[in-house]
Amino acid sequence: MEWVYFGTSIAILVTMVLAVVRGLIGPTIFDRVLAVNMFGTKTVLFLAVISFLSGRPDFLDLALAYALINFIGVLAVLLFFQSRGVRRDAEAEREADK
Amino acid sequence: MAVLGLYNYFIFAVLLMIGLYCILARTNIIKSLIGLTIFQGAVFLLYISTDKIDGGTAPIIQEGVENQIFANPLPQVLILTAIVVGISTTALALAVTVRIKEAYGTIEEDKIQEMDREL
Amino acid sequence: MITIVFSLFLLTMLVIVAVGILRTDNLFTAVMLSGIFSLIMAANFFILDAADVALTEAVIGAGISTVLFLGALALTAEYDRSPPVGTWVPLLTSSALGGVIIFATLQAPRLGDPNAVVHKHVAPWYLDRTPELIDVPNVVTAVLASFRGYDTLGEVFVVFIACIGVMSLLGRVRPRRDSIEEDEFDKRTDNLRHHLIPRVVGKMLVPFIVLFGLYVQFHGDFGPGGGFQAGALIAAGVILYSLLEGGPRGRELVPEWFSSLLVALGAFTYTCVGVVSMAMGGRFLDYSVLSHDPVHGQHMGILIIEAGVGMTVTGVMITIFHAFSRRGIR
Amino acid sequence: MTLYDQLPALVVVVLLFTAPITYMLRLHGFPWFSAMAAVVTSFVVACSLAATTIGGETIIYEMGGWPAPYGIVLHIDALSALMAMLITGASSAALIFGAKSLADEVGEETAPAFFAAWLLCTAGLVGMVITGDAFNIFVFMEISSLSTYVLISAGPDRRALISTYRYIVMGTVGATFYLIGVGFLYMVTGTLNTADLAERVGQVEDIRLVLVAAGFVSVGLAIKAAVFPLHSWMPNAYTFAPNAVTVFIAAASTKVSLYVLMRVDYAIFQNSIANHDIQLTFFLVPLGVLALFAGSMLAIYEKNLKRLLAYSSVAQIGYIALGISMTSVAGLTGAIVHMFNHGLIKGGMFMAVACLALRYRTVNVANLAGAGKAMPWTMAAFVVGGLGLIGVPLTPGFISKWYLVLAALDEGWLGALLVAIILISSLLAVIYVWKAIEVAYFGEPRSNAVPVTEEAPLVMLIPTWIVVLAGIWIALDTSVTVGLASIAAKTLLGVEL
Amino acid sequence: MDLLLDIASAILLLTGGFFVFVGGFGVMRMPEFFTRMHAASLTDTGGAALILLGLMLQGGLTLVPFKLAAIFLFLFLTSPTASYALANAALLSGVSTACRNETGAPLPENEVDSADSKPASKSVAKTSASRTSGRKTTAKQAAEQAAPKAAARKASKKAAKKPAGKAAKKPARKAAKKAAGKPAGKKS
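Residue numbers (the working numbering), protein chains in the order written: chain A, 8 to 105; chain B, 128 to 246; chain C, 129 to 458; chain D, 415 to 911; chain E, 54 to 241.
Please note that a few of the clues may not be correct.
[Said to hold, decoys possible] Derived DSBU-like pairs (lysine-lysine); straight-line CA-CA distance at most 30 Å:
no.: 1; chain 1: D; residue 1: Lys849; chain 2: B; residue 2: Lys228
no.: 2; chain 1: D; residue 1: Lys849; chain 2: D; residue 2: Lys904
no.: 3; chain 1: B; residue 1: Lys238; chain 2: D; residue 2: Lys514
no.: 4; chain 1: D; residue 1: Lys904; chain 2: D; residue 2: Lys717
no.: 5; chain 1: B; residue 1: Lys238; chain 2: B; residue 2: Lys228
no.: 6; chain 1: D; residue 1: Lys787; chain 2: D; residue 2: Lys514
By construction, these hints were calculated from the structure, which means they are not laboratory data.
None of these values were measured; they are calculated from a predicted model.
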């Protein structure tokens, strides 16, 4: 059973690396947000598998807290995007009617 | 194999260098603040890498499990405090940054210095 | 063996992300990458057997700090336009600093070697005597709340000052400048109401998040958790609500006066526990005098101060978020 | 446990207890009053602590009832009692003085937050001074720095914000350096209690980490104490902060970091690392000498009176650094006495400047012409303070310079050089003090300047003169300050009393 | 009995791991944002479900399977929502959905780096401008492909002219209709 956990966690870790790479090179901003979101979910899974691997399964609260924080992070990004777009148009309106 | 044991300290040194460089080289205020969080994050890594013990687990005593080896709880307590100190300083610095943006109209330190010099 | 492989992986990723943060010009990208930085740091702490710190770093580092940075970014520019100032001096100083550290830590105790001095002097006392003196499974909470309770008291007041600082800086709502009047503007910008699905799912989750926060608060003695993490989690729930419903509605849910009262009350409770233990003949913050049986007194003391810490951190995070969001888009 | 035994904890707990109350109750005028009450109580407790420690004994108070290396321990000896007295005294004087000037600078709405931050700044500084635990020093250092940032950012001018930002970045880097130093010390000794550290650091076989830890701790504290090359945050922070805040932080906050440097260096590193005193001298003497000259030069060419005094503080900190670097009883006594005296002198001078600022609405030296005639009492206080800076006999400055010169004399040829440097920098001090006095007394007020006629209000003049007279009194009867200082120096160096 | 459980959870875990890896691989290889989004979110939920189910089997009858169920439920609710919200925001902000132009060569995606916050200096005729800017950015994109990546990021930052996020200004319903119209415009 040991090596099953180990194999899965390696797979998850490689995906995390891929997500980080996409986060770094992602041309558009949304790629980076996608990378963060994906990274967050992968960390949740990574923690769940590792807590089983290290024999302390009662540390799953961490994984749940991660999932929750990840969701709030993505929504905060969306609100930031929306307010930025509208603010730019507000300034554009001001620019136009000046 | 010995070098692997020192890997944590090496990464600590590299992160400190990146953090300090980011604070000193970048004039944008928010970029410097992110550099400051990296700088403080590196110190957390130093403390926590001292608490690891081979074969040990988190210092939460489970009933019925005999002679477990536990990691050292003291650095974890110190770092719990340091993390919250870090976020308090960042929050205060961000509030000051917002006020600077409203007062000066920019958050680039060199532009602010020019505006002050004219005064 | 496992920790070496994973920490190798994660630490290298940490450095790559840090370099990514340094090199990117777009501040928004830097904030997103600093979110990833905190998550990797928290995963690393978990592998180094520091469950409590991993939870705190995740909730505060990845959660609250990203939201605060985004709030600040919304009010300021998001482009780091200036070219790096003369790169020689910073490069020199930071590499000197790194060189000194690498030189110093060559002789430092290896990661995890059992006969390091650190595991010999003060730590074993905590691990042996906690079941007998305080009888709390989570030794970290015992050390945090009771053995080094004075540190945590200082800690609560650091958070208290952060709240005071942000309130005095961003407290007064600024007069409006441009033509669009306020509520119409806020209606459009300040919330995700017209995103139907996130709004429904988000509002459904808010009570469970707050419930999970309370679970972490009172579960602090038995598993990873405690006042700081619980406060940040509950605040995250309220922040989620005001993200979805917009600032004004969020401020109706948790009004300003209530959250700043919560802050002052939490710090006050913590100090009162200390003063009461002085009044009952013990030293400052000595919980064993609080009730007839010392161990029971320790339990009571730890419970009350964890509640005080939870109240303060919840109040602070909510007040700071509202101060940023109320500053709004002027 | 009688109240008398609880005093060591009470000096901090009173302040921490009142801060949330000040913030919660939003009655008119209540915040200033509750802050005042708490600080004066704390001052009284600090004086009684000084009375018990003047006999040379140190008080150990175990927080939470846990024994020394496991719990946190308060360690109060003559030096910490003296510093606690200085901090709480400066804070209460600045509060009494600042009642009126703060009323208009800090609106009614932010008054509770401001005075709660003031209380916590005092609590942070006092907490740093009395604690015996290395990490606890970091926590209280953060409390005092964060509240200082809040106090400075309350300044009316927009430049207060940018100087607060710079102070935040430098202060946090300094505190993190200190944290790294403590982290290395913990790695090699396993403990955080200063007394325990002192014993165990000696037994460490590989001193490379201990040396680097000493380096990090010293550099971190040098940033917080604005020692010369790392002082760039201080002048702007003092200039743009509200006047009453400048009075308080000028008198107390940098001295505390120097106190921590002294205690950490002498208590922990002195008896454990071989020839550490030479390393300390090699580190501090050049910095001190540079601070003396650069500080005085910058002060001479400075137009803004507050920044002039801030640069002169940089110079005076150079004196204290010189005193610390001379590892002899006389040298340390000189340094400790100068910390106390400089706190008094600089506090008095900044109060006088605040009175001028209230009437003239500006602190620019050029348009303070004719202040000598218009505000005789304020300018008289400023002149006495200026003489103190120079070190004229009968002023506190003279006492500390006397001990520094005494210590320097028995250092051989290096000492003679130091004596020359001290005399030269006193001459430089004459130049920049005279520059202000000459404009005030002999300058013609410009025609378009609004004529200022009446003196500063009594509520501001009385505290100024109390502080100035206290300075004169301790210059004459040196039993209290020099007594405490010499005992402290002996305990630090391990010489029997 | 527990051998059976072990085999079952081993299978579940390994397929879950494989799904997750495919998701990561997809995010790297997919040419354009929305296909990447598709790859990531689909395998996100699928991979997570398999792995958590596999772990539940191992948990036995303690509290652990319930915690895993809570995590699974939470992930199952939030990650599709997050993906939807992200896709919606991306669409409204004008990320092009085109990934092939007429000649069949993969079209480098539209550079919607968050342009500097300068007010969009475009004239009132927004749609025509966005078409021209679209073409201009595509041409620039082609140049950018040739230049090494670091230089590309510098070039894209300076030259990036964001097609005005005008759609966000109008209420969502009209925007969705208009957005559907706009990408067609860009393809011509």
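Status of the hints after comparison with the structure:
1. Lys849/D <-> Lys228/B: Outside the cut-off at roughly 37 Å; violated.
2. Lys849/D <-> Lys904/D: 40 Å, violated
3. Lys238/B <-> Lys514/D: Given pair Lys238/B, Lys514/D is violated - Cα atoms ~36 Å apart, limit 30 Å.
4. Lys904/D <-> Lys717/D: 42 Å, violated
5. Lys238/B <-> Lys228/B: The given pair, whose Cα atoms are some 12 Å apart, holds under the 30 Å limit.
6. Lys787/D <-> Lys514/D: 23 Å, holds
Hints 1, 2, 3, 4 from the earlier list are contradicted by this structure; the remaining hints agree with it.
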